[in-house]
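K.L.:
Given next are the chains, with one letter for each unit.
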Amino acid sequence: MRSLLTGNEAVAEGALAAGCNFYAGYPITPSSEIMHIMAERLPRRGGVFYQAEDEIAAINAIIGASWAGAKAMTATSGPGFSLMQEGIGYAVMTETPLVIVDVMRAGPATGQATKPAQGDVMQARWGRHGDQVVPVLAPSTPQECFDMTVRAFAIAEELRTPVIVLSDEFIGHGREVVEIPGRVEVPSRRRPRGRGEPPFDSPDPRVAPPMPPLGEGYYVLVTGSTHDAYGYRDTRGFETHYRLVRRLWDKIWLNMDKLFDYEERNAEEADVGFVAFGSTARSVVKAVEILEARGVRAGYVRLKTLWPLDLRPIRRLAEAARAIIVPELGMGQLILDVERAVRGETRVVGYNKVGGGEPIYPSELARFALEVLGRA
Amino acid sequence: MGERSILIAGIGGQGVVFAATALAKALFLQGLYVAQLQSYGAEVRGGAVLAWVVYSEERVSCPFTDEYDLALILHQAGLEEAARKNLAWRRAVVDSDLVGAEVPGDVDVYPVHRMAVEAGLEGRENIVMLGVAAGLGYVDLSHLERALASSRGSEENLRALRLGVELAARQK
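From first to last, the protein sequence lines stand for chains A and B. The letter at position 168 of the first sequence is residue 168 when you use my numbering, and the numbering goes up by one with no holes. The letter at position 115 of the second sequence is residue 115 when you use my numbering, and the numbering goes up by one with no holes.
Calculated directly from the structure, the hints in this document are not laboratory data. All of these numbers come straight from a predicted model, not from anything done at the bench. For glycine and all other residues, C-beta sits at the position ideal for the given N, C-alpha and C. Be a bit skeptical, because a hint or two may be false.
Okay, derived cross-link-like pairs now, EDC-like style, lysine to aspartate or glutamate, Cα gap no bigger than 16 Å in a straight line [as the list claims (entries may be wrong)]:
1) B:85 - A:364
2) B:85 - A:358
3) A:304 - A:261
4) B:25 - B:145
5) A:304 - A:337
6) B:25 - B:140
Listing some non-contacts, in silico: residues in chain A with all C-beta distances to chain B over 12 Å [stated by the list, open to error]:
7) 201
8) 234
9) 370
A short, non-exhaustive set of chain B residues, derived as facing chain A with CB atoms under 10 Å [claimed, not checked]:
10) 27
11) 65
12) 83
13) 85
Put together the whole structure using the sequences plus the hints.
P.N.:
Encoded structure:
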């Protein structure tokens, strides 16, 4: 079915299609529409909607719901996302499937609630203390808001992990045509075959251990403290901690092929290359068209997964390009990855703009590229 | 047809976003690909509001542009915001009652606010402007009517659309 939807509406539709049956959240611009839709639609289909007293309660509620067997999610923006970090860390340690949508606005602090930004990249990756890794997906369009929310649920269930969908105000409040498939397949988490199968260990680190549902007769200890294969705390030993954290780390990093996704154009023959994600990548696509029309060989890598990140596509872009431009609605976070990929072998320049609802226009990006190439 | 774009510039409370949403819906009903966006502040009323639509027979690659085919300018505050952002347009329709400054480009000027008041359509200047856009051929009137059929005060909205179409006809 073809519909005209905002990115936020498409996230909610994606979640419902994926079988989300528990939503807890606290309203915050520019993410609130996701919550409004879930409040209206979930109870009608037998799901549970819970407006929490704050984002800390919301994240903890979805952790509990997930352990009770629900496909659970929340959505928020910067200030709320900050409050959720501790809970997300707990979900990593307890291997709890969750979907968290962050519709980015200009920060820090309350910043500009109605204005888009891309400043939560590092927070999405590293906002928790300790060694942890959480997949981060980055939609560019309402269509991808739908598709990636579905995908986030699939990853969460398969790998028993929280997954973050990093949208922004432009995408969340932008209305575009979305194709909604008739049926969406999302796997459900694996249950233990018997009481002997450990819920917190796996012979293959790429495969998540089975997750026993609470309330159905399994004895299971769930703790954010270091624990062994059966959930027993060990807050002193090296072996237990290293084994657990190593496995949680490998569970995501060794699934890079499955998790990492990107799109590229002219990557191996561009004189000037762009690396971008989210709403900014839309301007990059157009800027490349403008440059090509002027006879400039331009290309891009658009990251659809921000974490875990495979640097190879960026490296390939850098091999041909004389310069790489990294446009961001912020002071520059993605550029750090590009610099890390390129290792000083190609010039890397940021194009940074944030606040006031200003997009990076394709025309200004094309002009900047010409300047960088010394042809302006 | 190629890609086309329309900017609506006004002030909070004028229904700028509502108009852009209705316009996007109409274009969608026409079978086109549409991208519709807006920029506004945290205030419900009073701040400058810009809303825009980019549409095409193909999927819209980029929803951002600084050069519009048409600008519907409902208020001085919106005009100033557009100027701050260096936005340009090929053609503009301006409400001379609420916009004091000279508007650059190929401009049609109407006392939209006064005409709306006289027709008992005060507060529906946004919809009158959509009627002008239809009259100038940027969107089908019938699809705009369908898009607004279920809106609050739909009868008045349909009258406002027709007033806009009549204004555009004077220009032709």
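K.L.:
For every hint, state whether the structure bears it out.
P.N.:
Results for each hint:
| no. | hint | in the structure |
| --- | --- | --- |
| 1 | B:85 - A:364 | holds, 12 Å |
| 2 | B:85 - A:358 | holds, 8 Å |
| 3 | A:304 - A:261 | holds, 5 Å |
| 4 | B:25 - B:145 | holds, 10 Å |
| 5 | A:304 - A:337 | holds, 14 Å |
| 6 | B:25 - B:140 | holds, 11 Å |
| 7 | 201 | holds, 46 Å |
| 8 | 234 | holds, 49 Å |
| 9 | 370 | holds, 16 Å |
| 10 | 27 | holds, 9 Å |
| 11 | 65 | holds, 7 Å |
| 12 | 83 | violated, 14 Å |
| 13 | 85 | holds, 7 Å |
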